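Dock the two chains into a complex; use the hints.
Chains G and P are the protein sequences, given in the same order.
Start counting the first sequence at 1043; every next residue gets the next number (this note's numbering).
Start counting the second sequence at 3; every next residue gets the next number (this note's numbering).
Quick caveat, the hints were computed from the structure, so don't treat them as lab data.
Errors might be hidden in some of the hints.
To be verified - Which residues of chain G face chain P? A few of them, derived with a C-beta cut under 7 Å, are:
(1) Met1052
(2) Ala1241
(3) Gly1243
(4) Asn1292
(5) Leu1365
(6) Leu1386
Just so you know, these numbers come straight off a predicted model, no measurement behind them.
Built from N, CA and C at the ideal position, the CB exists for glycine as well.
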Amino acid sequence: MMQKLEKILMPIANVLSRNKILSAIRDGFLVTVPITIVGSIFLLISNFPMQGFLDMMTAIFGAGWDAYLGRVSAIAFDCVALLGVLSIGYCYAREKGLENRIGGAVVALVCFLIITPQKTFVEVEGAAEAASFSGFQFTFLGTAGMFLAMITAILSVEIYAWAIRKKLIIRLPDGVPPMVMESFASLVPSAIAMTVFFAVGIIFDHTSFEYVHYFIYQVLQAPLVGLGKLSGFEVIYQFLSTLFWFFGINGPAVTNTIFSPIHKVLTVENYEAAQAGLEMTNIFTAGFSDFFCNFGGGGSTLGLVIMMAFLGKSNRMKTLGRLSLPAGIFGINEPLIFGLPIVLNPLMAVPFILAPVANTIIGYVATVTGIMPITLGVQLPWTCPIVFSGFLVTGSVMGSVVQIVMLAVDILIYYPFFKLLDKRYLEEESAASGETDELDDLSFDDLELD
Amino acid sequence: MKVVLIFDQGLAGAGGKSNPNVGLTAVKGGIGSALMLEPHFEKIGAQVAATLYCGNEYFRDNEEEVVKKMTAMVKKVKPDFVLCGPCFNYLDYGKMAAMISTSILESTDIKSCAMMSVENADTIAAYKDKTPILKMPKKGGTGLNDSFADLCEFIQCTVKQSEELENVRTRVCY
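Just chain P, same shape as in the assembly (with noise of 0.2 Å):
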């Protein structure tokens, strides 16, 4: 199962609010945090097959525009899932990632999810109808495990259209 990582440029260990404005950037394979996911995506069979990143300034500065090159990257990496995620607290990447998860749903076949922490309330709200956002403790809370463990299920039963998706979905997500 080839999954495709959509991070901002902390996550992705491209510098923290040192390097804000980094542009679009696309990078084969996991990288940054995806260290922190692979064990888990290691028991459901999937593979990082490219991270995509950009700062959060840059998203900000350019929304329309990362929107749609990140989904125009995502068709043409065609992964099977694309996780966008995870923000943690991270108020401009959790708008970024909710509005990339929506825009990859609606315009193409490719599964999708965001994921963030219940301080990105106002993007919660706004999206959680449009696209599947996945609960995940904030920066240093308790539960970050269990999270992606939670995460993985439900990849699984998405990819795989599990009839189980539906209570899975009402578990794990807002």
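With the rest of the complex left out, here is chain G (with noise of 0.2 Å):
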């Protein structure tokens, strides 16, 4: 049945984790997220979830001090597809193997901006014609333009390798300096992706969208966001995550290739409703998803190594659980997933998997049912430990009411398996105690060296 099981993983594993593009869209990513949580602390510090500290800090710095921290959270938040497109550009230059990086990420980052709207039209009261002013607008850079921009980053890095593996390149004698060798080997293929945008650009301004990015948000980013705000789709996405775990497949690595951007558009999604004024309905967000499915890292295995710490009775546990237990609370179970062992390990199979289950349906109807308030759209570091992430990522108490439920329901989920896995180390343990061979008194103390 594993072996099966395995055989069917094992290609989707290989097809979604070697894909270039999939790999690029998830690493650029990857590379927004530390940005994201300096804007969400920024965020978080503005809206701070106590009235008190919003008064001391009124009464320290003067009304709108908040004001000057939306400076930051706005360029996190409201220029996530800016930043996307040149992060994912860049990955995708190295997914081609192309040793300018740095000038493909520009080249997709030009390429966007050429397809984005340079005008933006403002309604004047009284005015019979909308007035217009040159820039852009951070509608078009932020949460609408995500799918745009991993499109973009993908397609214009894909022309400007092409032409430099057709060698469509200005050639300069020996001796230029590599620096300048290397802009002007850009120059060509520059232009012609550049060229193919502008052209883009001018067609959709001739359709009914007007806007590429109107057209790819109503057929492509719309459709695929609306799978992430259905009631199963975290629990799609926990399940298969700690499935390929089993088996020794980093989970996350491989479904993350498909889930992160509609993770990160309901993350976004909700820090714009709120900013607008309006209900956040995004459940599933990176918050929700990070602090709420998944305590002490991948299979929730925190409530495991509480119980191995406290309750093991074979040194094998006790010791494991003991040293385990402070990376445990920062989320990162790396020494369990190998030294207890979890890959591969049958027993542990069903507990590892039907933990971060268990906990996303109860986040799911705890946030339905009212119990919690909806995830905000902040990005915090995944090492936050539980009860402080449930708080900062809600807004609320019950945030880190409902995590310490979780925890208990984890604990009951692994108490059986657990129990079994206790028992079977300390049969071997007293085993090895009571049989005696010349295998017992091994130590390095008295060995003989030659």
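As structure tokens, this is what we get:
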């Protein structure tokens, strides 16, 4: 059964994790994560869920202090497509084996800006026609442009790489400094990519969509992000991520190729709704996925580690539990994955897969019933510990309470399997001390060296 | 068939990066990641006699001592085969495994191999002519089970001194 399952999953994992386009998109979004986290911290300070703190800040810095912080969070969230096109362009240039990766990234950025509306119209009261001014709108640079950013980055770098491969480059004589040589070598490939996107922009100007942004948003982004709004979305993500891990395959590295752009859009949409004073509606944000599905790493193993450390009877369980607990609190379970082990260990497969799914369902129910607020459009470091993360990502102490309930459920799910494994290890340890043979007194201390 | 495993602290279940200085330790039977290997070992009638391990930083600080004492301990246990691995893409562990396996092959009659992913490129280049180094995926990569099946085929051919050994070695080693 397990072998059959692995035979099905392995080719899927290979296709997804080795696909150059999907890897570039996944890694490109990873590049933007630190920016989003820093922006989220600024956003959290300006919207801290304690009125006393906000009053204190106003008393110290005066009214309007939060607007200054908004300058940082606006760039992190409202320019997410702009950051994405640059980082995905860079990662795709790497995947294509280009030496001048930053050249590819810049071409991707420029192509995206070429097809982005450069004029903004504003209704003026009393005027017959809308006034216009030159400049980009956040609307096109933020979440609504994210899928277009991905497509533009891939296509523009593909064209750029094709031109380089076909040697459509200007060669300068030897002795010219390498930077100048590289810069001129990029000239024709950049020109071809930019001209193609220039043409694409003009073509869409003459369609009912008016801008490529609207076309991609309606045809691709809205339907795909719509999948992320279905109640089964996160359960499928969590299930697949841990299922792959069980076979030793880094699950999120595979599933994120598909799911991370959707998570990103859902998160930023919540931010934009909050900024516009609208209701946030997306449940399955990056914050939900990071802090309400897994505690202590993939498979939500924090409950298991706590039991190992404090309830384990075998030395192996106790030692590994105590050594793994500090890292587990910060969401890292590598010592457990290979040391317990969890990989290829059929006994631990059931709770390892079940616990994150149970957490996801509890989190979903708690959100739709209003027990805890919907997660904010902020992204915190995934190492943020339980209780703190629940409070910060929902702005309510109920977020922490729900996390504690989930941890208790995880402990219940893992308990019978933990007991079985602990018993087995204990038997092995007592059998080893009961039997006597030449291997009983193995010790490096009294080893005779030649 | 008696097999000895040489692990680092992570695979031994003695903590990962939080416990890098754990000294040389010998345990009867298989511990930690041995559980992943046991179903494969059962198919070829192999049993883990002992697991020897130390922390990656301990190895870095005491390379010579670790290699010498691990080799001496292997001599004492007298297994049919020593597996120095699976090291995944852990670089210190990969180097330790290759050095110990080389030492065992050079100074004893016991068969041995190392096993690591391609990320250990420097170690592979330096030691692949001195000891068999089996291919395997990096941590989180695909094909872990297949690499264990290859390992068992290699162990069996090596211990039985099968005529197929060279073919198998060409296929499964770097």
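Comparing the hints with the structure gives:
Satisfaction of the interface hint for methionine 1052 of chain G is found here, the shortest Cβ-Cβ separation to chain P being roughly 5 Å, below the 7 Å cut-off. Of the supplied interface hints, the one on alanine 1241 of chain G is violated, with its beta-carbon coming no nearer than about 41 Å to a beta-carbon of chain P, more than 7 Å. Interface restraint check: glycine 1243 of chain G against chain P, minimum CB-CB distance 41 Å, threshold 7 Å, status violated. With its C-beta approaching chain P no nearer than about 3 Å, asparagine 1292 of chain G sits inside the 7 Å limit, and its interface hint holds.
For leucine 1365 of chain G, the suggested interface contact is upheld, since its CB lies about 3 Å from the closest CB of chain P, less than 7 Å. Satisfaction of the interface hint for leucine 1386 of chain G is found here, the shortest Cβ-Cβ separation to chain P being roughly 4 Å, below the 7 Å cut-off.
The structure is inconsistent with the numbered hints 2, 3, although it conforms to all the rest.
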